[in-house]
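Residue numbers (the numbering used here), protein chains in the order written: chain G, 1 to 115; chain L, 116 to 337.
Think of the hints as simulated: they come from the structure by calculation, not from any bench.
Since we're looking at a predicted model, the values are computed, not measured.
Please note: incorrect hints may appear among the correct ones.
Part of the chain L face toward chain G, derived, beta carbon under 8 Å [what the hints assert, rightly or not]:
1. Met-116
2. Asn-120
3. Arg-121
4. Leu-124
5. Met-130
6. Lys-132
7. Pro-133
8. Glu-163
9. Ser-167
10. Lys-170
11. Ala-217
No residue lacks a Cβ here, since even glycine has one placed at the ideal position from N, Cα and C.
Single-letter residue listing:
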Amino acid sequence: MRLNYPTNVKIVKVPCTGRVDILLILHAFESGVDGVYLAGCLEGECHFLRGNLRAKKRVQYAKKLLDEVGLGGARLDMYNMSSAQGQRFAEVAREMTEKIRALGPSPVKNRGQGV
Amino acid sequence: MIVANRKSLEEILNMLKPYKKVLLLGCNECVTVCAAGGEREVGVLASEIRLSRAKEGQEIEIKEQTLERQCDHEYIDQVRPFVEDYEVILSIACGAGIQYVAEKYRTKVVLPGVNTTFLGVTLEQGVWSERCQGCGECVLHMTGGVCPVARCAKSLLNGPCGGSSNGKCEVDKDLDCGWQLIIDRLKELNQLDRYEEIIPVKDWTTSRDGGPRKRMREDLRL
């Protein structure tokens, strides 16, 4: 579709959002990223049946952990879309970028040791 | 398994305030099953601590290690080669494991990262429930396999009490009345006549009330 989306979005491909573990999200923040979002299949349409539902639960849990740690759960979010929805993908990338920009850079940027 | 809950991050961070080099020890047995202190939880806790410290501009070095068990010498010995490199040990095994690590490494402060609670079972993924209190004198054969000590809030041996209502305990509307469970089970087993047998006063000396307990098998001692 040749749609534009912000360049600060780095894509990590996974076979299903169900593959995403809480530790992957936390390690991403440790390495200094300002925000993380998961883009999964529409609910009920998961190719692996319930992977995106597992991811939803993990994102909710990880948001709580991020609040406890002091980074704020707002830096993490999950979106659902069909792989056919290119427009939505770009829209979400823009939306998330704006949200994170408003929150500012991650307070652990360049201070942590990373993993 | 022994079920434990991880302490709050705030409490753990408070305990770790004076330290910069931490050895975080998990356990591959009970606390893994109840998702409180296994390898995954070690990873998540270490990450949370590093993130919190980084946010304050402070560094912390955490070595993550999950032992097979922390209640046996051989496994605890596995950290001996590098334990001196760390200022403190934070253990998220059950209380028994945490204490044993402390006994083995007498010059090291050992901190508990979990609150150990009960002996229980997995009802479904993510839900664990108490079943045994370790009273030392099992009466499960008399109560259709349901424990009156662990599952009755009052540990009555001849229940139910007047607070049993619609199969629920007066203490909590979501708590099943232990004695209702017992009666239902005895009915299913056609053993309802056992209900009429009065279970005598319990001898609590076999329980914690008699002091810390030990078990020995002479034939196994070298």
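Tested hints:
no. : hint    : in the structure
1   : Met-116 : violated (22 Å)
2   : Asn-120 : violated (15 Å)
3   : Arg-121 : violated (11 Å)
4   : Leu-124 : holds (5 Å)
5   : Met-130 : violated (15 Å)
6   : Lys-132 : violated (15 Å)
7   : Pro-133 : violated (19 Å)
8   : Glu-163 : holds (5 Å)
9   : Ser-167 : holds (5 Å)
10  : Lys-170 : holds (5 Å)
11  : Ala-217 : violated (27 Å)
The structure fails to meet hints 1, 2, 3, 5, 6, 7 and 11 from the earlier list, while all remaining hints are met.
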